[in-house]
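The residues making up each chain are set out below.
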Amino acid sequence: MMKRKASLALSAALLFGLAACHKKAAPPPPPPPPAPAPPVAAKPVINYFTAEPTVVTAGQPSSLRWSVSDSTSVQIDNQIGQVSPDGRRGVYPTATTTYHLTATGAGGTSEGDATVTVSTPPPPQPVQTASTESVQQILARQVQDIHFEYDKSDIRASDQSVLQGDASALKTIFQMDANFIVTIEGHCDERGSAEYNLALGDRRAAATKDALIALGVPGEKLKTVSFGKERPICTDASEDCYARNRRAHFAATQ
Amino acid sequence: MRILTASLLLLAGALCLPARQQVVGTIDKNPGKPLVAVPDFRASGAAAPVIATFNRTVTSDLENSPLINFIAKTRYPLQIPQQPSDLVAGVAPPSARAVDPQGNRLSDWGLPPISSNYLGIGYGAEQTNLLVVSAWFYTTAANMPSLQQAQIFGKRYTASLDESGAIDAGHRYAADILAQFGGKSLVGTHIVFVSDRSGSKEIWVMNWDGTDQRQLTKYGSISTFPSASPDGRLVAFTTYAGGYPAIQMFSLATGRKLPFYNQRASMNAFVTFTPDSKQIIFSSTAGGGAAQLHMANVDGSGLRPLTHSGAIEVEAKINPKTGTDLVDVSGRSGFPQIYRMNIEGADVQRLSAGTGEATNPSWSPDGAHIAFAWTKGFEPGNYNIFVMDVVSQQTVQLTTNEGRNENPTWAPDGSQIVYASKRGRQSQVWVMNADGTGKHALTQNGNNEKPFWVNAEK
Numbered sequence: 001m002m003k004r005k006a007s008l009a010l011s012a013a014l015l016f017g018l019a020a021c022h023k024k025a026a027p028p029p030p031p032p033p034p035a036p037a038p039p040v041a042a043k044p045v046i047n048y049f050t051a052e053p054t055v056v057t058a059g060q061p062s063s064l065r066w067s068v069s070d071s072t073s074v075q076i077d078n079q080i081g082q083v084s085p086d087g088r089r090g091v092y093p094t095a096t097t098t099y100h101l102t103a104t105g106a107g108g109t110s111e112g113d114a115t116v117t118v119s120t121p122p123p124p125q126p127v128q129t130a131s132t133e134s135v136q137q138i139l140a141r142q143v144q145d146i147h148f149e150y151d152k153s154d155i156r157a158s159d160q161s162v163l164q165g166d167a168s169a170l171k172t173i174f175q176m177d178a179n180f181i182v183t184i185e186g187h188c189d190e191r192g193s194a195e196y197n198l199a200l201g202d203r204r205a206a207a208t209k210d211a212l213i214a215l216g217v218p219g220e221k222l223k224t225v226s227f228g229k230e231r232p233i234c235t236d237a238s239e240d241c242y243a244r245n246r247r248a249h250f251a252a253t254q
Numbered sequence: 255m256r257i258l259t260a261s262l263l264l265l266a267g268a269l270c271l272p273a274r275q276q277v278v279g280t281i282d283k284n285p286g287k288p289l290v291a292v293p294d295f296r297a298s299g300a301a302a303p304v305i306a307t308f309n310r311t312v313t314s315d316l317e318n319s320p321l322i323n324f325i326a327k328t329r330y331p332l333q334i335p336q337q338p339s340d341l342v343a344g345v346a347p348p349s350a351r352a353v354d355p356q357g358n359r360l361s362d363w364g365l366p367p368i369s370s371n372y373l374g375i376g377y378g379a380e381q382t383n384l385l386v387v388s389a390w391f392y393t394t395a396a397n398m399p400s401l402q403q404a405q406i407f408g409k410r411y412t413a414s415l416d417e418s419g420a421i422d423a424g425h426r427y428a429a430d431i432l433a434q435f436g437g438k439s440l441v442g443t444h445i446v447f448v449s450d451r452s453g454s455k456e457i458w459v460m461n462w463d464g465t466d467q468r469q470l471t472k473y474g475s476i477s478t479f480p481s482a483s484p485d486g487r488l489v490a491f492t493t494y495a496g497g498y499p500a501i502q503m504f505s506l507a508t509g510r511k512l513p514f515y516n517q518r519a520s521m522n523a524f525v526t527f528t529p530d531s532k533q534i535i536f537s538s539t540a541g542g543g544a545a546q547l548h549m550a551n552v553d554g555s556g557l558r559p560l561t562h563s564g565a566i567e568v569e570a571k572i573n574p575k576t577g578t579d580l581v582d583v584s585g586r587s588g589f590p591q592i593y594r595m596n597i598e599g600a601d602v603q604r605l606s607a608g609t610g611e612a613t614n615p616s617w618s619p620d621g622a623h624i625a626f627a628w629t630k631g632f633e634p635g636n637y638n639i640f641v642m643d644v645v646s647q648q649t650v651q652l653t654t655n656e657g658r659n660e661n662p663t664w665a666p667d668g669s670q671i672v673y674a675s676k677r678g679r680q681s682q683v684w685v686m687n688a689d690g691t692g693k694h695a696l697t698q699n700g701n702n703e704k705p706f707w708v709n710a711e712k
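Chains P and L are the protein sequences, given in the same order. Residue numbers are given in the working numbering: position 190 of the first sequence equals residue 190, and the series is strictly consecutive. Count along the second sequence starting at 1, add 254, and that's the number in the working numbering.
Heads up, a few of these hints could be off.
Unchecked claim - Label pairs and their computed distance ranges (CB to CB):
{"no.": "1", "chain 1": "L", "residue 1": "Arg510", "chain 2": "P", "residue 2": "Asn179", "range": "31 to 39 Å"}
{"no.": "2", "chain 1": "P", "residue 1": "Gln79", "chain 2": "L", "residue 2": "Gly692", "range": "45 to 53 Å"}
{"no.": "3", "chain 1": "P", "residue 1": "Gly216", "chain 2": "L", "residue 2": "Arg518", "range": "21 to 29 Å"}
These aren't lab readings, by the way, just hints derived from the structure by calculation. From the three backbone atoms N, C-alpha and C, an ideal C-beta is built for every residue, glycine too.
Build out the structure end to end from the sequences listed, making use of the hints.
Here it is in structure tokens:
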């Protein structure tokens, strides 16, 4: 029982991972090395300012990265504010957003933009077309992970559209197969203790279940389990990876 | 520092200062503690190949002990006594004393340049296919009129004639020496831990010194968070073998599963035992909402909730000295912190400073201190081991810049702390003295984590 579920979760993780890898296939070109500083004050040089991935669905994370030379102050708009000259920041735009970086130095001001395009999540599949897809396929393709802030288990406003898509897809699934049961898995990033994270993942799965019930999904069809930080979908020490691991994931119950 | 001290001692010796009392404490690893010399034992015949392992074990145990100062073997005389008949009591007449002492008088070891307070000697032999080590321990105090009165103990240690037998005999001799200075023997204690070396997280057990590592569970699932009853009989852990995190109870002696009733809940985990080993406290979502502390019998019956904080309550640890209070990790003030409360869940008091994340509390056997993992001043996830005096709440940091360090638990005698250290991508079980010295790894294969020191079975 565990093994089948684990392999499903693994497949989902692989799909997710492959998709992420695909997007990462075209990294920004390496910046040219900054020119040697002239004796007089130089204008700040924006070595790079990128978003990765550049296309996300609403509420999903994208990572802004930047490197600026010869600046005294670096600002990014959209409520990010003052930042260090080299850095990165995870963002969760709900609509297509252009982030504007302003670097100020002794020699003047330089500016740059990075845009995160928010693609519209696929509309919930109407019941009549569902016959072409199995409940398993609908679960894998249309019921998306819900993501959480660090040490939090409440569902973010930015994830409401994802949650609504999940609710209608789940309703479709349960109409198609009255015996189908879905397990909501709560997961955490690797930073907290394994012990605390087990209880935190339990809260995330429970909060997701409660929110889906509030949207009309039958609660008796939803089970919850916490995996804490025992089943990460990525293991690199980056905010991108942490954000992807802080999730409620949906799996078929066998 | 050592060389300087040694030179000073040699100088003192050359000047013939009768100054042993002044010399004590100049080898200052453990200031004020007695100085002990134990030269390498020799062995003949079939015992010869394993005696080096015996010597290495004795030396390591004595060097790592906070109770004594072990004098480096490089300072010993060339003539090493092997048995009492090699030894002469009393102080050699000045005319007989060479610059390099001969070693066959207790005074050769007690006076400068060695200036040891105690001397251990002995030898190994094979008897009926067993290793038999004959060992003695003497005080070098100058006022002992005879060898018999200077002898503190003389014993024979019988063990299997192989490496593990030599390790066992070495630990027993070292433990008998340390027992003279207040040490409780760790021989017979075990460490349970989690290892993924078989391909999935399973519960493993090893001797306290890292030898004889063996697999306790074979679920092919996730089995983790082991703990043990104070009487050394029961090991409790959390396993996903049934699909959900649930508690299982094992007999350590038989390696068999014992009956345990899990509450209907999305999780039951993190068991701590009362000092009489008859009841447990664990975290359960049986009441709905965030996991809360619950008390039950060791078979899971008689459940009653202890906390109602509405926040996450995990990792309860009952004070082993009093049995009437506990610490746990709670999210009631935001990021996880360590709280103390009475056994009914009342009189709640925060112990950790409130900054960063403080987790993995573990009581010292005397109930005076807790060891814990804290991200003090660091990024989330960057844990180090600290020890706190629970009355003054003063903390001492035991690990720094040595990777991510978690899950400390104390040796039954309070002299050492076992913990998990993740350096690079792999986690291993490490042990150190309770003052942070003498760190060394006990595991090498796969990822090894969540160690828990188990008392010898009572």
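Hints, verified against the model:
no.	hint	verdict
1	L:Arg510 x P:Asn179: 31 to 39 Å	37 Å, holds
2	P:Gln79 x L:Gly692: 45 to 53 Å	51 Å, holds
3	P:Gly216 x L:Arg518: 21 to 29 Å	26 Å, holds
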